[in-house]
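Those sequence lines, one after another, are chains X and W. For what it's worth, the working numbering labels the leading residue of the first sequence as 110, then goes sequentially. For what it's worth, the working numbering labels the leading residue of the second sequence as 110, then goes sequentially.
A couple of the hints might just be wrong.
Heads up, the list lumps identical chains together, so a pair's fine if it works in one copy or across two of them.
[Claimed, not checked] Using 25 Å as the maximum straight-line C-alpha spacing, the simulated SDA-like pairs for lysine to any residue come out as follows: (1) K447 - E463; (2) K154 - P211; (3) K154 - G213; (4) K154 - W210.
Bear in mind the hints are in silico, worked out from the structure with no lab data behind them.
There are 2 protein chains.
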Amino acid sequence: MIDETTDGEIDRVIAAAAAAAQPLAATTPGQRASWLHTAADALDKAAEDLIPVAARETQLPAQPRLRSELVRTVFQLRLFARVLEDGEFLDAALDHADPNWPMGPRPDIRRAMVPMGPVLVFAAGNFPFALSVAGHDTAAALAAGCPVVVKAHPGHPELSARTRDVLVEALARAGAPAGTFDMITGVRAGVTALRHPALAAASFTGSAAGGRALFDIANARPRPIPFYGELGSVNPVLVTAGAVRERGRAIAEGFVGSFTLGAGQFCTKPGLLLLPAGHGLDAVLRGSVESVSPQAMLNDRIADGYLAGVRRLRENSAVTVLSAPGPGDDPFRPTLLKVAAADFTRAAEELGGECFGPTSLIIEYDGEAELRAVLDALEPGLTATVHAEDAEIDRVRTLLPTLTRLAGRLLWNGWPTGITLSWAQQHGGPYPATTAPGFTSMGTAAIARFLRPVAWQGFPDALLPPALREDNPWALPRRVDGIRVAGRETDR
Amino acid sequence: MIDETTDGEIDRVIAAAAAAAQPLAATTPGQRASWLHTAADALDKAAEDLIPVAARETQLPAQPRLRSELVRTVFQLRLFARVLEDGEFLDAALDHADPNWPMGPRPDIRRAMVPMGPVLVFAAGNFPFALSVAGHDTAAALAAGCPVVVKAHPGHPELSARTRDVLVEALARAGAPAGTFDMITGVRAGVTALRHPALAAASFTGSAAGGRALFDIANARPRPIPFYGELGSVNPVLVTAGAVRERGRAIAEGFVGSFTLGAGQFCTKPGLLLLPAGHGLDAVLRGSVESVSPQAMLNDRIADGYLAGVRRLRENSAVTVLSAPGPGDDPFRPTLLKVAAADFTRAAEELGGECFGPTSLIIEYDGEAELRAVLDALEPGLTATVHAEDAEIDRVRTLLPTLTRLAGRLLWNGWPTGITLSWAQQHGGPYPATTAPGFTSMGTAAIARFLRPVAWQGFPDALLPPALREDNPWALPRRVDGIRVAGRETDR
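One chain only, chain X, in its complex shape (with noise of 0.2 Å):
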């Protein structure tokens, strides 16, 4: 049992927090890279303590998964720091004041982002690391000059404590404002916090069920809230005939690979993989899913709900299975079940679900119809992945618009699990993925979620931030009057 942080104690934090949101948004980008820095190094310093807590918490095996991901909770803090260096995520803009514009005189006006204000983040139960308390919403938060308030997952109480002060020492350490990151703990205190006034947005990673209902509380306030929730994902992987011929061993072998990873619990699970009829890759999807050793679940609760969802797949009398566990089996080897494409498209709304942990659903289809009705019937997720050959390109090409539909990120001969953090990265798409669709919330991108437009107008230089000034000291990458003007970094 862990303790439910008092009214009294949430009120203290998020006034805190409240309190620190001016100086925080008074600091400059390279101050809160160098607090970045620190805290990546004081994580890093941290490892031979907390990856034992992380391991006998989470069940989650130390090498080479949980040492892994503290490597990727330190890169994401120095990423952001990255991002701040570089400056672009203030999007200034400068328009000079001009007597000639087209539609009447223009004022002098100028725009950057400023920090939204105290964020509330939501850590998530399957990395107790990544996207725990010194995770990824919080480095983007900070970055972006936020203070931020973590609600600690139940599954890593100890963890999230230790963390959470290793995060407060290096802060206060590296110069930041009191009161610019703390952690409370418990659901109701969750809710309670997300209901303050004082907050100005919330971040989640997690089911369905608790971010859309998080998702609600936050809209009900009597002034609503930005809520960045992240909330699950079918993840469906279409192989074409092309690829089953020329390379299906390989196939079967990396989607097992790929759906049993960390026993399943991740939100880019490939849960659907369509084969085409008469693929002929039973036997080697099924020795292959009973060559996986069964892993433990992260908890009690993730793992009823896993047996539920296999249990309420298996009922459909569509839906046959190619290896599940037997009677005296451990439950959570993996399962892997069939259904034909036809039975599926009529039951996709029972189907077409996530269901959290080692388990997945594979449609055979026959031809391209069945093929479509199928991609039609499935609820937009965070990934799409196509497994085909070069010389089927024309043939996928007329399928594109579909699966982008579908994702917010399509992928070409791989697999969704496993995801980099660069520029380029997208982690999010239309609901039920995400709540907000025009976000990410991984790679450098998701800084934006945290930051708010404010235009100046007719302000003299001495009184705009330093983004918009005149002379551009920070040597930002801008538009200026419409055109754009490199900064520091192209300009070397």
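Using the hints, position chain W against chain X.
Positioned in the frame of chain X, the structure of chain W alone reads:
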């Protein structure tokens, strides 16, 4: 009375929009720019037909108001054509595969914006051209590549129908797919359309009550969609002692001109004027207000709401009248009220809201503490204005963080009415100014509301969208491996 679009007709219109989504998404920015130019030409050509209809239906003067609004509307269409020609709106980023990426080997991943899909635009009543059928939201959504269905405003039904015909004809002539644009009418039809599963986003400009109701409906959908509501704003104007001393009369006259412009029926009308106690401007203000001729209100609903709002303000015993229509006067002569800062702060909820029409409230503050208390009691909005002297810059600087919290656009020695459109414009702010504080509803950046990012991972060049192909066929500005690369524009 206008006819309510039937459910069958709504289905037909939205199905046509949904069917147009993929063909539209496949068009080039250059094609869409040419449509916008064709639409602009057609509107321009129809001016002599449309302006008299607008004048009759809205009671707004044909000259200069409606004529200049049509100029603005035509300009908006051309401005978004320029956004399309510029190409930065696609936010193209390419990260090549990198085996040495610090968090682990990176696949090739590329990201760009795609259109969200069918957009429902709720037209505004106070700008029958610029924020209506062929208005700013329509221009932005079409530029983004989204089919648009406008829900017409009931205040100008014939103008709406005629504008719709001009736009439909121009788009067809320019080669836009059938279903790219259409219109529905009636409150119930708007709600029915907002619940339609094929819709991807909606935008709205209007009252706080109406906008909140629609926002709630958009969020309560089984699959919520982004709802960009611009709900209203009180637009405080702060005048310093120095400014009163140097140019009190000019400020008083400018203020009266701004709050009575268009009978105060602008979302940027200055609803609060903060004056230092002892300003001595009562007589000037009164004289200035009394020299303004009353104007007809847009419609009975707005007129009734205005009179009720003024009545509520006057019922507060701390509020005194500087100038108001007498018993026999036109009730829409401007009303100017006054209250002491301490009284305002105690009753900020009742006194600090928007009252749409030709009224404003002067708040007299005695010293810095009273001023700060007033600012802290205000709700956020679209704009906040400062009138001050250069010698007071250091004092004003200490107030700027509070003003920035309050608004999306800050003005120095200007008036918030009369919004220019350019790259740096920002029209939006924290709730209740808008339901989506990360965006603007005016200016070039407004296109972002109707776009969503998609990443392509590991794709062959032949299947990538042109924006992301290796040879950059559209000569776009892009970010390649983290470095900005100039496009055509800065190449010249």
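Status of each hint after checking the structure:
In this assembly of identical chains, the alpha carbons of K447 and E463 lie at most 25 Å apart only when taken from the same copy (15 Å versus 59 Å across copies). In this assembly of identical chains, K154 and P211 lie within 25 Å of each other by CA distance solely across copies; the values are 17 Å between and 59 Å within a copy. Taking identical chains as interchangeable, the C-alpha atoms of K154 and G213 lie at most 25 Å apart only when they sit on different chains, with a minimum of 20 Å there against 59 Å within one chain. For the identical chains of this complex, K154 and W210 are inter-copy neighbours only, at 21 Å across copies versus 57 Å inside a copy, given an alpha-carbon limit of 25 Å.
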